[in-house]
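K.L.:
Chains as they are written, first to last, in the numbering used here: chain D, 1 to 506; chain S, 1001 to 1371.
If you are wondering where the hints come from, they were derived from the structure by calculation, not from laboratory data. Be aware that a few hints might be false.
Unchecked claim - Derived DSBU-like pairs: lysine-lysine, alpha-carbon spacing no greater than 30 angstroms straight-line:
(1) S:1036 with S:1217
(2) D:321 with D:57
(3) S:1215 with S:1004
(4) D:71 with D:20
(5) S:1262 with D:321
(6) D:321 with S:1215
(7) D:321 with S:1338
(8) D:500 with D:182
(9) S:1236 with S:1344
(10) D:446 with S:1004
(11) S:1004 with S:1015
(12) S:1262 with D:446
(13) D:446 with S:1350
(14) D:321 with D:184
(15) S:1215 with S:1249
(16) D:57 with D:69
(17) S:1234 with S:1262
This is what each chain is made of:
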Amino acid sequence: MLRRKRWKKKTDKGYETVEKSIVKVFEVASKSSDFITFSPIKDFPLQISYFETLIDKTILQESVLLFLKEKANKIQTLSDVVSIIPLEGITISNEANQVERALLDGSIAIYMTDNKEEILLIELSDSRLGQRETNDTQNEFSVIGPKIGFIEDIRTNLNLIREQINTADLIYEEFTVGTRAKTKVVVAYLEGITNPEYVNTVRQRISDLDIDISFDNTQLEQLIADNSRTPFPLYISTERVDRAVESLVQGQVVMISDKSSYAIIGPATLMEFFSNPEDYYLPSFIASFFKLIRIIGMIFSIFASAFYVAILTYHFEVIPKDLLAPIIFSRANVPFPPVAEALFLEITIDLLREAGARLPSKIGQTLGIVGGIVIGQATVEAALTSTILLILVALAALSSFTTPIYKMSNAVRLLRYPFILIAAIWGGFGIFIGIIILIVHLSRLKSLGVPYLLPLYPYRKGGVGSSFIRPNYPAHSKRSWYLRPLSVIRYSPSTDKDPKEGLNHE
Amino acid sequence: MNRKSWQAVMKRVFKNLLLYVLMGCMITLLGCSRTKIVDDVSIVHVFGLDLAENGEILGTALIPDYSVSAEVDHILAVEEQVPAGVLFIPEMSRHTSTRVELAKIRVIVFGKDFAENGVKDMVDRFIFTPELGTNIQIAVTTHTANETLKTFMQEQSLTLIDRIEHNMIEQGQPQMNLHYFLNQFYGEGMDAYVPMITIDNQNRIKVDGIGIISKSKLKLHLPEKETSLFSLIKDKRAQATYHLDLGEKRDENITLRGFRSKSEWEWNKEKDEVTLNLKLKVTLTQHPNRFDLSKTEDLQKIKKLIAKELEEDIHNLLATFKENEVDPLGIGNIVRSKDRTWEKESFYRKYPDIPIHVNVDVGIIHSGLEN
């Protein structure tokens, strides 16, 4: 919605339309202390200006200054400089906007002191400046398979993808986002496979987008989402290269933006959030089991404490006789209704999680002890909660962490609270009302115009099985046709040529 | 905005409004129900009904108090004498610190006197008590229910249901629960049967055959052996152990265990007679050594012997039923299903004189091993 509202207002208030002169550009820039202007050659009206925080100083000294000083006597005009400096990416410009952009992208400007109308721009940006060197995945781990993740540099990220999909069909389309600060966003897709509708939609949304500064891809994701009033992520945000590559091959669109270690993948469907690249490195039986565990974990995580509250408050008759005694005994000294103790524990768990995410890793261990042992043990002894609930809530928290995509696991964690509250008010009936509302909400969501619940609703033949399990490779040779890729068949497995007779077949 | 699109918008708004109103009604019109937090209810597990001296009903409820300990060692027995069954909850609530809930009742025990005086008014109440599940047991005790429950309480357990049900699944008790009971109790041409419990001489509760309730009154207490035979006829998969005594010597015994039984009833209208074809598949757990079961002729011999003995015993069983004018096998219902002109009164008037032929076909699935 943000996108659309802004789009209407955009017409007259662009920042780009303000007329600037080159002199003005230099004047404004020189207010910054990191903007350097100097004359490299003594008694010659040639000046160099640049932001020293953006450029690679070694190249400046070794390839620019060295040659300039050596051949200083040959320089008469700016075009002479072009022939002297052995670097590519040299342009001569007389447009203020272009000069300003180039300076901020890490170019140096060379010009005659008396003529600021014509500027020579040499691109010397050092994009890896201040970037981390390691690119291990930080949040999406897998035991086997590649550990390479994206980092906060777009060129590295694009390189990682291009290295994996080394075909000319992989198209990168570059956009800039942001009116105050320009951030590069690259939309990647496979020509001949990805449905152009998706690319068009992304293209249109990104170019319609009006935001002053885009910090991260995960922010961009929300800005171009189909529905911004939902806890569910409508795009998969991943830092795993293999996941992004797999999605490209499946015919999805991948968006990568500068200074962001997350790639976003669209169109995404709900069930995709529960698959993991590691599924494809494990035998399909094992992978399917793990995938089912994740799905069951998600369901358990949403409903465990809600059902606890509903059953203990309204439906005691469904508790098996042998379980009545431990439940009643552990609740006997708890003065609060089940909803209060459930909320108390859930909030405790979320406090622990939030504190764990914010704490420096060295203090993290302390938190584990404080949270896990002290609080758990003490709340039961202090009769604030029952032991059964403690187990349930801990299990529910544990199972919510099995969801591979962090944004989805947060959504799942949040959903618990409305369910607990509605269970406290209407019991089991309330939970089912909640489920209905949840399903209605999910079925109304869309990702890049594709229904979020595909292929479950609207039902699409042939997709339901692979939503819950990971089919083996011979059975998985086609892309999901309901995502409308231009080419459905990925590969055609050859039949097995194992001889059916002989000693090895006894 | 032109008229047409305005109408479309109104239509959509109205549609949404209708949805919200419907949802609002659904939520608000349901009203509020009181919370029944699990540790704030007195959960009745076993309920007993007796006839008091002045004709009122004496109810006994076993309510465990788990808040003291997680073991079943604090059982509260609440007794109350009321003129009508509906008054039990208000009267019992005076004794308990939390509200009395019937939803967890697993067994309802009728005292002997109560059962013999007619149980119809109480059975009617079961139907009007939606908290009661139909997967519960109705049992009749040979003593008063009060005495039985108090004896049971001393065992410090609430597993009366398990004691009855595992005998139904693995031993000679015929299958029964409230659901079947209601069908047989109100159904035409059949009489209901319920498990009987008794206090044995060591002061323990023991399952002891079945009781047959006819015209709402307990008419007959069938002992264990006949109950096993009854369950072989009635149930499809009765695992009843049945013992045939062939002679004085210790060896002269045949013990068989049911595996699968199929009873087919035939009604001959002209001759006015009923035939029961009983096909039994049994395990022979014990047989006299004079039969060598690896020989075909011996096998035939023992099959014939068992069939003959069983036919005789079934005849005796049927004679007992006729004598007491009870029909737990539902012969009336069987005849009714084959005869359009069936009438309850006239059928049961001639019921004791209807000849019933029994043909038993025994198949032995294996022998020797205990199970």
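K.L.:
With reference to the structure, classify each hint as holding or not holding.
P.N.:
Hints and how they fare:
1. S:1036 with S:1217: Measuring from Cα to Cα gives roughly 37 angstroms; hence the hint is violated.
2. D:321 with D:57: violated, 77 angstroms
3. S:1215 with S:1004: Measuring from Cα to Cα gives roughly 72 angstroms; hence the hint is violated.
4. D:71 with D:20: It is violated: about 34 angstroms lies between the C-alpha atoms, which goes past 30 angstroms.
5. S:1262 with D:321: The hint is violated at about 35 angstroms.
6. D:321 with S:1215: Distance of about 34 angstroms is beyond 30 angstroms: violated.
7. D:321 with S:1338: violated, 44 angstroms
8. D:500 with D:182: The hint is violated at about 64 angstroms.
9. S:1236 with S:1344: holds, 27 angstroms
10. D:446 with S:1004: Holds: residue 446 of chain D and residue 1004 of chain S sit about 29 angstroms apart, inside 30 angstroms.
11. S:1004 with S:1015: Satisfied, since the Cα-Cα distance of roughly 17 angstroms is no more than 30 angstroms.
12. S:1262 with D:446: violated, 59 angstroms
13. D:446 with S:1350: Measuring from Cα to Cα gives roughly 75 angstroms; hence the hint is violated.
14. D:321 with D:184: Between residue 321 of chain D and residue 184 of chain D the Cα gap is close to 63 angstroms, so the pair fails against 30 angstroms, i.e. violated.
15. S:1215 with S:1249: violated, 44 angstroms
16. D:57 with D:69: holds, 16 angstroms
17. S:1234 with S:1262: Distance ~9 angstroms between residue 1234 of chain S and residue 1262 of chain S Cα, so the pair holds.
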